[in-house]
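Peer 1: What follows is the residue order along each chain.
Number of protein chains: 2
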Amino acid sequence: MLQVNEAQDIINKRISDLCYPASPERLYEPIRYVLRLGGKRIRPVFALLACNLFADDIEPAVEPAIGLEIFHNFTLLHDDIMDKANMRRGHSTVHKKWCDNVAILSGDAMQIDAYRHVSQVSQDKLKAVLNLFSQTALEVCEGQQYDMDFELREKVTLPEYIEMIRLKTAVLLACSLKIGAIIGGADVRDASLLYDFGINLGLSFQLQDDFLDVYGDINKFGKNIGGDIMCNKKTFLLISALNIADTQTKTELEKWMTIVHPNPQEKINAVTNIYNRLNIRRVCQTETDCFYQKALVALRDLNCPDQRKTVLRNYANRLINRES
Amino acid sequence: MLQVNEAQDIINKRISDLCYPASPERLYEPIRYVLRLGGKRIRPVFALLACNLFADDIEPAVEPAIGLEIFHNFTLLHDDIMDKANMRRGHSTVHKKWCDNVAILSGDAMQIDAYRHVSQVSQDKLKAVLNLFSQTALEVCEGQQYDMDFELREKVTLPEYIEMIRLKTAVLLACSLKIGAIIGGADVRDASLLYDFGINLGLSFQLQDDFLDVYGDINKFGKNIGGDIMCNKKTFLLISALNIADTQTKTELEKWMTIVHPNPQEKINAVTNIYNRLNIRRVCQTETDCFYQKALVALRDLNCPDQRKTVLRNYANRLINRES
Numbered sequence: 001m002l003q004v005n006e007a008q009d010i011i012n013k014r015i016s017d018l019c020y021p022a023s024p025e026r027l028y029e030p031i032r033y034v035l036r037l038g039g040k041r042i043r044p045v046f047a048l049l050a051c052n053l054f055a056d057d058i059e060p061a062v063e064p065a066i067g068l069e070i071f072h073n074f075t076l077l078h079d080d081i082m083d084k085a086n087m088r089r090g091h092s093t094v095h096k097k098w099c100d101n102v103a104i105l106s107g108d109a110m111q112i113d114a115y116r117h118v119s120q121v122s123q124d125k126l127k128a129v130l131n132l133f134s135q136t137a138l139e140v141c142e143g144q145q146y147d148m149d150f151e152l153r154e155k156v157t158l159p160e161y162i163e164m165i166r167l168k169t170a171v172l173l174a175c176s177l178k179i180g181a182i183i184g185g186a187d188v189r190d191a192s193l194l195y196d197f198g199i200n201l202g203l204s205f206q207l208q209d210d211f212l213d214v215y216g217d218i219n220k221f222g223k224n225i226g227g228d229i230m231c232n233k234k235t236f237l238l239i240s241a242l243n244i245a246d247t248q249t250k251t252e253l254e255k256w257m258t259i260v261h262p263n264p265q266e267k268i269n270a271v272t273n274i275y276n277r278l279n280i281r282r283v284c285q286t287e288t289d290c291f292y293q294k295a296l297v298a299l300r301d302l303n304c305p306d307q308r309k310t311v312l313r314n315y316a317n318r319l320i321n322r323e324s
Numbered sequence: 325m326l327q328v329n330e331a332q333d334i335i336n337k338r339i340s341d342l343c344y345p346a347s348p349e350r351l352y353e354p355i356r357y358v359l360r361l362g363g364k365r366i367r368p369v370f371a372l373l374a375c376n377l378f379a380d381d382i383e384p385a386v387e388p389a390i391g392l393e394i395f396h397n398f399t400l401l402h403d404d405i406m407d408k409a410n411m412r413r414g415h416s417t418v419h420k421k422w423c424d425n426v427a428i429l430s431g432d433a434m435q436i437d438a439y440r441h442v443s444q445v446s447q448d449k450l451k452a453v454l455n456l457f458s459q460t461a462l463e464v465c466e467g468q469q470y471d472m473d474f475e476l477r478e479k480v481t482l483p484e485y486i487e488m489i490r491l492k493t494a495v496l497l498a499c500s501l502k503i504g505a506i507i508g509g510a511d512v513r514d515a516s517l518l519y520d521f522g523i524n525l526g527l528s529f530q531l532q533d534d535f536l537d538v539y540g541d542i543n544k545f546g547k548n549i550g551g552d553i554m555c556n557k558k559t560f561l562l563i564s565a566l567n568i569a570d571t572q573t574k575t576e577l578e579k580w581m582t583i584v585h586p587n588p589q590e591k592i593n594a595v596t597n598i599y600n601r602l603n604i605r606r607v608c609q610t611e612t613d614c615f616y617q618k619a620l621v622a623l624r625d626l627n628c629p630d631q632r633k634t635v636l637r638n639y640a641n642r643l644i645n646r647e648s
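If you read the protein sequences in the order shown, they are chains H and R.
Residue 1 is where the first sequence starts when you use the working numbering, and the numbers rise one by one after that.
Residue 325 is where the second sequence starts when you use the working numbering, and the numbers rise one by one after that.
Hints are supplied without guarantee of correctness; some may be wrong.
[Said to hold, decoys possible] Over 12 Å on every C-beta distance to chain H, these chain R residues come out as not near it, computed from the model: (1) 327; (2) 434; (3) 516; (4) 582; (5) 588; (6) 591.
[Stated by the list, open to error] Pairs of lysine to aspartate or glutamate, EDC-like flavour, derived with a Cα cap of 16 Å: (7) 451/R x 63/H; (8) 40/H x 56/H; (9) 451/R x 124/H; (10) 125/H x 448/R; (11) 40/H x 9/H; (12) 408/R x 100/H; (13) 558/R x 475/R; (14) 84/H x 424/R; (15) 449/R x 124/H; (16) 84/H x 63/H; (17) 267/H x 213/H; (18) 127/H x 387/R; (19) 125/H x 63/H; (20) 127/H x 448/R; (21) 233/H x 149/H.
[To be verified] Covered stretches of chain R, as calculated for chain H (at least 3 residues, CB under 8 Å): (22) 346 to 353; (23) 402 to 408; (24) 437 to 451; (25) 457 to 467; (26) 470 to 484.
No lab work stands behind these hints, which were simulated from the structure alone.
Glycine included, C-beta positions come from ideal geometry on N, C-alpha and C.
Looking at chain H on its own, in the form it has when it is part of the complex (with noise of 0.2 Å):
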């Protein structure tokens, strides 16, 4: 079986691998340059463990599972535009280091090289695994959308959240998923159980991502602890709390969030404090470890011999105990 050190190294050799045309300069190095600086790889990672699930040659998934990871990196390029963010991986964003027009198009330029790369597999599946590509990139815009538009709405409810999180974050894990397994001649069927797989795990970790940012260990967490509190962002934890809290509790936690100018530590002490009377703490717990239940039943029902699912729930679990 694949290991996912062996799988990391195949993405990551193939993406350094990759030629861009030296020329438009301004198009092609920000893509260079965003592809360089890394990450977990998590998505192709996934496609190549999906696959290997049903096909001992993974070769096949290699190039669509970069053209997932492209895509993956063409959102976060277009994101820190939108989020006015300076900062990704430790280095200076592309609008940043050049200019918005420069990462609009280069941004541009890498969704239409996902394409290239998804659309390298055999033309039997190739209908398949481009529908449920174009179907799932919409759906990440989709979140991406209701994300901003939650930054000025008032209220909103767990489900609603849960709805953006679903499609911001959790579809394209769960189409890294199928894409491998549908590649590596998995049926309807346990594609189809990847996918809740991909589903669930993805809102786990993403619940787990809302709470790394207030409980995790600042020498670990790669962000600053406390940022999602700085900027009163709507995550699973402010909402719960907002949701249980009784009127003088609400009451406190929604002055912290109209204070115009906090004292940074002491607005993430205090709303931290209230979390912690609340014990959402837990309730995050509780609900990111209810998702991870369900991905694993995903993955045990899957027809295939237990021993090769070992990796993938492995690594599953490595991403749901991180601490960073």
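Given chain H, put chain R in place with the hints provided.
Peer 2: Using the frame of chain H, we list chain R on its own:
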């Protein structure tokens, strides 16, 4: 044979029948808005006419043709952000009516939607159509990048300019024709000839556009006359003028290009006068006609009955002799 107005009616009907989800509204409403603004629908019309050269049933080309029009409108949407253009087809541009973020994201969704439509071809033709479409889409990005690069450069040569407009404008026309031809069942040679027809017609078309910006009739040309002159755009006319002008005329031309806040009509008149003295009108018409003749040769060499070519030939003629 399918007539141009019939092809336009089919395209317009199908575009107005397109259904996008109601929500998220800020993602899908801009797409509906842009597609409602109309336009000449040149690319999808070409795809249908090219298909009809080889097949009586053009229905299999309609969905891909719609995809080509959606892709074209996506490029306009993102170009308008980059060019900070406020108006398009007599209406506010998307980034002006909504905001940059909405324009970026709904453009991204349009590109995906374009792929969805272009992919609606039979399995045996899907690879050829997709490969051509992706290559073309990337080339259009390259063209837009060169166009922006040229704004920052002091000198652009004529071959560089022609290459830029080939990428930015001609390849998508050529791709539309070739996709129509492939779907209609053309062999490799004929599909390639139609591509050449499209490239040369596209170059001719763009030079005509440069020409009309200076010599067009304000009542017929959609944009203000002299717009390119006012923003010192390095068009075929300006590059040719700088190439053939004597030192004194060149200095005069460059003087007008460096005045910070010139009186618009004064600058337009002065530069047009220089063009007239240099006979740039004639230089441009000769070059336009040269590409147009090359297009006609490609069409002539096509291996199909001459009477089938009439509609396409007449349409090309109408486009090149247009006044708007």
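Peer 1: Examine each Cβ of chain H, and state whether all of them lie more than 12 Å from the Cβ of residue 516/R.
Peer 2: holds, 21 Å
Peer 1: Going straight from one Cα to the other, do residue 451/R and residue 63/H come out at no more than 16 Å?
Peer 2: holds, 15 Å
Peer 1: Within 16 Å, alpha carbon to alpha carbon, are residue 558/R and residue 475/R?
Peer 2: Within the cut-off at roughly 7 Å; holds.
Peer 1: Does the structure keep residue 408/R and residue 100/H at a Cα separation of 16 Å or less?
Peer 2: Status holds; Cα separation ~12 Å.
Peer 1: For the pair we were handed, residue 84/H and residue 424/R, check the Cα-Cα distance against 16 Å.
Peer 2: holds, 12 Å
Peer 1: Residue 40/H and residue 9/H: Cα distance at most 16 Å?
Peer 2: holds, 11 Å
Peer 1: Test the statement that residue 582/R is away from the interface with chain H: the closest C-beta pair must be farther apart than 12 Å.
Peer 2: holds, 24 Å
Peer 1: Is the straight-line distance between the alpha-carbon of residue 84/H and that of residue 63/H 16 Å or less?
Peer 2: violated, 31 Å
Peer 1: Against chain H, does the segment 457 to 467 of chain R show at least 3 residues with beta-carbon separation below 8 Å?
Peer 2: holds (count 5)
Peer 1: Verify the coverage statement for the segment 437 to 451 of chain R against chain H, using a C-beta to C-beta distance below 8 Å and requiring 3 or more qualifying residues.
Peer 2: With 8 residues close enough to chain H, the hint holds.
Peer 1: Residue count check for the segment 402 to 408 of chain R against chain H: does it reach three with CB-CB under 8 Å?
Peer 2: holds (count 3)
Peer 1: Hint check: residue 449/R vs residue 124/H, CA-CA at most 16 Å. Holds or violated?
Peer 2: With a Cα-Cα distance of about 12 Å, the restraint between residue 449/R and residue 124/H holds, given a limit of 16 Å.
Violated hints, in rising order: 2, 8, 16; the structure is consistent with all others.
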